[in-house]
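Colleague: Model the full structure from these sequences, guided by the hints.
Protein chains in written order, with numbering that gives the first Met the number 0: chain A, 0 to 246; chain B, 0 to 240; chain C, 0 to 58.
In short, the hints are calculated from the structure, not lab data.
Keep in mind that the hints are not guaranteed to be accurate.
[Claimed, not checked] Distance condition first, Cα-Cα at most 30 Å in a straight line; then the derived DSS-like pairs of lysine-lysine:
#1 C:K52 x A:K15
#2 A:K241 x C:K48
#3 B:K66 x A:K119
Given next are the chains, with one letter for each unit.
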Amino acid sequence: MFESLKRLYHKFGSPKYFYDITGRMLPWLVALSVLLLIPGLIYGLGFAPPEKYQGNSYRVIYIHVPAASIAMSGYMLMAVAGVVVLVWRMKMAEMVAKSVAPIGASFAFICLVTGSIWGKPTWGTWWVWDARLTSMLILLFLYLGVMALNAAIENAQSAARATAVLSIVGAVNLPIIKYSVEWWNTLHQPASIRMTSSAIDPEMLYTLLSCIAGFYCLFAVLVILSTRCEILLREQRSSWVKKLVGV
Amino acid sequence: MADPLVSQPVQAEEVPSMWSGMLAVMKRDLLIAFRQRSDMVNPLFFFIMVIALFPLGIGPEPSTLQKIGPGVIWIAALLSTLLSVDSLFRQDFDDGSLELALLSPQPLFVLAFGKVIAHWLVTAIPLILVAPILSIMLFMDGDTVKVTLYSLLLGTPVLSMISAIGAALTVGLRKGGVLVAVIALPLYIPVLIFGTSAVEAASMTLPYAGQLAYLAAFLIMALTFAPFAIGAALRISVTSQ
Amino acid sequence: MEFETFADFIAMGKHGPYVWSAYGITLVVVIANILAPVIRRKGLVEEIKRKAKREQLES
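Modeller: As structure tokens, this is what we get:
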């Protein structure tokens with residue numbers, strides 16, 4: 000078991016293998032994400048019952064919650080890839096970490112925008128310094144810091160290693176930040192309307208789960224697409240890329 | 000007489016201990032700072048000026064100033080730390096002493112730790128000493144001034160440690176300044192939250208020991224983990240030359 | 000179906016603009032994230048081809 004896992008890890012460390020296998024996985028992942036997302040979103044928009052207090056505005060939840068979850072796990076993925084970069088110096092991990100950053104940042108952005116749009120009919124204002132929105136904003140800042148550092152260093156390898164350090168530091172800090180923001184929030188505004196206060200309807204829950212799974216597949220597709228570009232860029236001198244391009 | 004053809008066992012030179020290495024780095028940095036005082040004084044001036052700008056921008060009503068006082072002092076402290084940290088490794092990087100530090104028998108993180116402590120002593124201590132005067136100018140009263148002092152004493156080392164990570168990551172780059180801010184500012188947030196709320200609690204005569212305890216916990220965490228991150232970041236920045 | 004008519008579906012009780020703008024912005028961001036690597040890939044492939052051609056001419 001362990002041996003085969005180790006072999007798989009080494010295989011995925013080779014850019015050529017990664018490129019080939021993700022090329023074969025991609026259609027399946029696209030199909031899976033379409034199959035989960037389209038029915039989930041249509042059901043969520045048109046068929047799921049309206050929420051008791053918020054009426055139809057709650058339907059934003061079907062993109063807001065998946066986006067929040069992906070933004071968080073994207074950062075964690077980046078940090079894990081960072082550990083692999085620093086400890087085992089794996090080239091593939093460098094490319095994955097670099098590709099995840101802008102995609103995770105876009106999901107954090109989606110989460111913030113949808114949250115603020117949802118807040119307008121629910122709270123009456125576009126923005127509330129609610130604990131979860133605030134920590135998502137900070138997560139977006141952390142992503143921006145990582146991206147800025149990556150863009151500032153020219154050498155690809157040292158850029159990857161520097162951002163690996165930063166993303167690990169950020170990942171260690173993230174729980175502390177989240178906890179402090181929650182604490183700060185209870186201090187300053189005792190009772191705000193919770194977005195998901197009422198017990199969630201099973202119909203809503205299954206729709207939401209389907210959307211979350213679908214968005215995760217979409218995230219995987221986006222990361223793979225972007226990583227494959229990175230592979231072409233970094234491996235352009237190798238013979239297999241030249242053959243692939245048809246030179 | 001030793002036979003020159005037979006290699007003699009090399010007398011192992013006495014390697015200075017980690018502790019003495021750190022102290023030597025600290026001593027050297029303190030000496031440099033006292034020789035060129037501008038690095039030491041400028042962050043202090045900046046701190047005072049930023050705080051003096053707030054009443055000018057917002058208005059001199061004591062009640063308003065009292066309310067925003069803790070936040071103003073903390074944000075000014077945060078910005079002046081950020082401003083001063085850019086010079087932390089830059090000079091050593093330019094003249095090559097960082098490369099030597101990399102080769103020295105002491106681990107890099109120990110030397111980096113010494114540098115950060117020296118930096119904190121030079122830039123943050125004057126700021127902490129001035130803070131009570133400024134907080135009186137912002138109409139805070141007795142206990143609040145004391146708590147401002149305590150919270151800054153516990154919080155600024157954490158800020159120095161965090162911004163040192165940013166400075167170490169960007170030391171090889173030409174435009175480091177703004178980048179350090181973008182990297183380090185989000186990581187400052189827990190310290191900012193607990194620092195200001197300790198001062199606020201004191202101003203409302205509420206118990207503030209809990210917030211100070213959190214700051215102390217952050218300090219211990221930063222002292223434990225940050226040196227490793229700083230060391231790793233310096234190694235990457237120097238070797239990627 | 001929760002809604003009686005298609006117009007009701009678009010109106011979403013009074014919350015139509017909010018819900019649809021949230022979904023629209025998400026769609027735009029996702030499509031941008033899909034298009035970016037596709038366009039980048041095209042540029043990369045062309046660049047690799049051009050470099051190879053230049054090397055051939057030089058040798």
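Colleague: Hint check: B:K66 vs A:K119, CA-CA at most 30 Å. Holds or violated?
Modeller: Holds, because 29 Å separates the two Cα atoms, which is no more than 30 Å.
Colleague: Holds or violated: are the alpha carbons of C:K52 and A:K15 at most 30 Å from each other?
Modeller: 23 Å, holds
Colleague: Can the restraint linking A:K241 and C:K48 be considered satisfied, given a maximum Cα separation of 30 Å?
Modeller: 8 Å, holds
The structure meets every hint from the earlier list without exception.
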